[in-house]
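Undergrad: Read top to bottom, the protein sequences are chains C and A.
For reference, each letter of the first sequence is one residue, going 197 to 476 in my numbering.
For reference, each letter of the second sequence is one residue, going 7 to 429 in my numbering.
Keep in mind that a hint or two might mislead.
Straight-line Cα separation of at most 27 Å, DSS-like style, residue types lysine-lysine; simulated pairs [unchecked claim]:
| hint | chain 1 | residue 1 | chain 2 | residue 2 |
| --- | --- | --- | --- | --- |
| 1 | A | K34 | C | K383 |
| 2 | C | K383 | A | K120 |
| 3 | A | K114 | C | K383 |
| 4 | C | K383 | A | K111 |
| 5 | A | K34 | A | K137 |
| 6 | C | K383 | A | K108 |
Bear in mind the hints are in silico, worked out from the structure with no lab data behind them.
Keep in mind that this is a model prediction, so the values were computed, not measured.
If you want the building blocks of each chain, they are given just below.
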Amino acid sequence: MQSREPRAYAGWWLALVAILVYALIPVVWLLSLSFKTPATVSDKKFLPQDVTLDNYTTLFEGGLDSPLLRPLINSVSIALIATVIAVTLASFTAYAIARLDFPGKTLILAGALAIAMFPQISVVGPLFDMWRALGLYDTYLGLIIPYLTFALPLAIYTLVAFFREIPWELEQAAQVDGATPWQAFRKVILPLATPGVFTAAILVFIFAWNDFLFAITLTSSDSARTVPAALAFFTGESQFTAPTGNIAAAAVLVTIPIIVFVLIFQRRIVAGLTAGAVKG
Amino acid sequence: MADIKLHDITKRYADGTEAVKHMNLEIKDGEFMILVGPSGCGKSTALRMIAGLEDISEGELLIGDKVVNNLSPRDRDIAMVFQNYALYPHMTVRDNMGFALKLAKVDKTTIDTKVEDAARILDLSEHLDRKPSNLSGGQRQRVAMGRAIVRDPQAFLMDEPLSNLDAKLRVQTRTEVARLQKDLSTTMVYVTHDQTEAMTLGDRVAVMRAGVLQQVDTPRALYNDPVNIFVAGFIGSPAMNFFSGTISGGRLKLPFAELAAPMDVSHAGEVIVGIRPEDFEDASLAPANHPAGAKFEAPIEVLESMGSEIYAYFSFQGGEVSSDELAELARDSGIAETPTGGGGLAVARLNPESEVQQGERAKLWFDGAKLHLFDPSDGSSLKRGKQEQQAAAQATAEAVAAEDAKDPPSRAAAGADGTTAPE
Chain C
197 MQSREPRAYA
207 GWWLALVAIL
217 VYALIPVVWL
227 LSLSFKTPAT
237 VSDKKFLPQD
247 VTLDNYTTLF
257 EGGLDSPLLR
267 PLINSVSIAL
277 IATVIAVTLA
287 SFTAYAIARL
297 DFPGKTLILA
307 GALAIAMFPQ
317 ISVVGPLFDM
327 WRALGLYDTY
337 LGLIIPYLTF
347 ALPLAIYTLV
357 AFFREIPWEL
367 EQAAQVDGAT
377 PWQAFRKVIL
387 PLATPGVFTA
397 AILVFIFAWN
407 DFLFAITLTS
417 SDSARTVPAA
427 LAFFTGESQF
437 TAPTGNIAAA
447 AVLVTIPIIV
457 FVLIFQRRIV
467 AGLTAGAVKG
Chain A
7 MADIKLHDIT
17 KRYADGTEAV
27 KHMNLEIKDG
37 EFMILVGPSG
47 CGKSTALRMI
57 AGLEDISEGE
67 LLIGDKVVNN
77 LSPRDRDIAM
87 VFQNYALYPH
97 MTVRDNMGFA
107 LKLAKVDKTT
117 IDTKVEDAAR
127 ILDLSEHLDR
137 KPSNLSGGQR
147 QRVAMGRAIV
157 RDPQAFLMDE
167 PLSNLDAKLR
177 VQTRTEVARL
187 QKDLSTTMVY
197 VTHDQTEAMT
207 LGDRVAVMRA
217 GVLQQVDTPR
227 ALYNDPVNIF
237 VAGFIGSPAM
247 NFFSGTISGG
257 RLKLPFAELA
267 APMDVSHAGE
277 VIVGIRPEDF
287 EDASLAPANH
297 PAGAKFEAPI
307 EVLESMGSEI
317 YAYFSFQGGE
327 VSSDELAELA
337 RDSGIAETPT
347 GGGGLAVARL
357 NPESEVQQGE
367 RAKLWFDGAK
377 LHLFDPSDGS
387 SLKRGKQEQQ
397 AAAQATAEAV
407 AAEDAKDPPS
417 RAAAGADGTT
427 APE
């Protein structure tokens, strides 16, 4: 066994490196592009020859009128609001689905799944017309509503799975201990479902943060345009220069919040939180 | 502290199955009542109805003279210990035990004193700040008990609280539970499938089978005067031996012996005879001049010496008893796999000085005054006193049935009510 171990490890390392290279080369390439000057952008060299931060600084030139700052604020706000609403609604729904037997339960679950599978491109056109008629076009709410529609089923499915894991006796124990249904939910069930709540939150946030289709269709100005959509509107410094460096820089920046978000919440996703609840 | 009364309680599920059927039980203030029976007999359902975790389809439940049918568990002022303890895993032992008081808005210092008092009684003082996941099975069980006793409730409800402990710890904890209940003198309803627990713990024991209450009495009375073959077979370890016999002309004929029929039985024809293992003895060690003793010879198949006693399994020809009740008992307790379940084998508990040898024929004796006779048609006891009680019970059951027949719409409506309960 001992002689085989290093070889087995070497195999693992090889596989790991291969996967990392495959996954990260485009990202590193983007990073490299973002540090290149307009003149060297197409020099086909992997490492930038003369490193510049201009691509980043120009993104924020002019404060709120800058190309990126306002969309960044929009993106963070819209994604966070959508996440909070979706997770709150989904935890109530999922709890009811996991715990209660009510007519139409399977219909709700099937409906949720159907909505999640619905091609977004087919609703975008009608939404555009409806939102303009309702005055929701180019507003936060105009984006939050479609995001909720598609993120809720995802969150509900995730949370139902987590709620089903929690022994029902815990809730009954809380009831016998004198808790109202709301207290039992808030003080016993929800703390135990925390990993699920954060998992759902991450999924919804990523969905809202990465959306391009709704953002590009349902916004027309910086008042609600999110980063992915804003990227498409970048122009070069003159009409003859391509905004490659700026787009690369913005693409790098746009990944940072999501990495931070995942890292923060990943710590809260501690598996086996219910260990010790019941016999063992 | 309060008494608990169950009046004609029935639990019917949406699909029409009845888990508990017309159960009548009065549990006195401060009494230790055991609900015992094989799995699926409805004992846990009955307990959960008292707790308010299951809806009551029919009948009336009173705790301290107040009808609580429609009160939620939190308004019944009862504490429950669950089979798997159901401790809150995200709270420390202290918070687990103080949770109910915190919900009741008791002030912080009072909670601390009460929790610490309970922890001292249960020997948990040094574990108060640990999480349940870091405790052993026995400690978790004690935390679950602690969570119940800090509240000083009207009644404790225990759902097989010891079944997840290993055998040694179970015996030890059993003693603790009994002591605790005596000290607190709070009404306790305790569900178990273990007849040893039932016999050792309870002031009174209620034996259930298939949703029907069979007999409620003190452990001693259950043992000495079982009302039917089910109770007789369930209570006692090793279980009672059953033989079929016939009574004719004042004589009782058994597969291996014949003797004068007991005076207090007025029944002729087929009977089921129950003899407890300890009512057998080695013939050479049997009391002399016993008025109702009878001797017989039987081949000893298996001999188990326990030191303090010897269990001798002897075979007999013909006269095996088969009944639904006994089949269920055998299935549930695993007797089917033990020698007695094979049919034609009976167990006798002999004096350790006996010199009976395995594989040889031995002269045995049994006490004819301690026979239990049962009616083979319905398994009920044939003792005269019991017979009259049975007749009375039968009469009421028939009266209820007649009432049902007279007034079907109301019963149907009540049933429909019960079935709407979410499960």
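Undergrad: Each hint: holds or not?
TA: Hints, one by one, checked against the model:
1. A:K34 with C:K383: violated (35 Å)
2. C:K383 with A:K120: Holds. K383 (chain C) to K120 (chain A) sits at ~21 Å (cutoff 27 Å).
3. A:K114 with C:K383: holds (18 Å)
4. C:K383 with A:K111: holds (15 Å)
5. A:K34 with A:K137: violated (37 Å)
6. C:K383 with A:K108: Holds, because 11 Å separates the two Cα atoms, which is no more than 27 Å.
Hints 1 and 5 from the list above are not met by this structure, while the remaining hints are.
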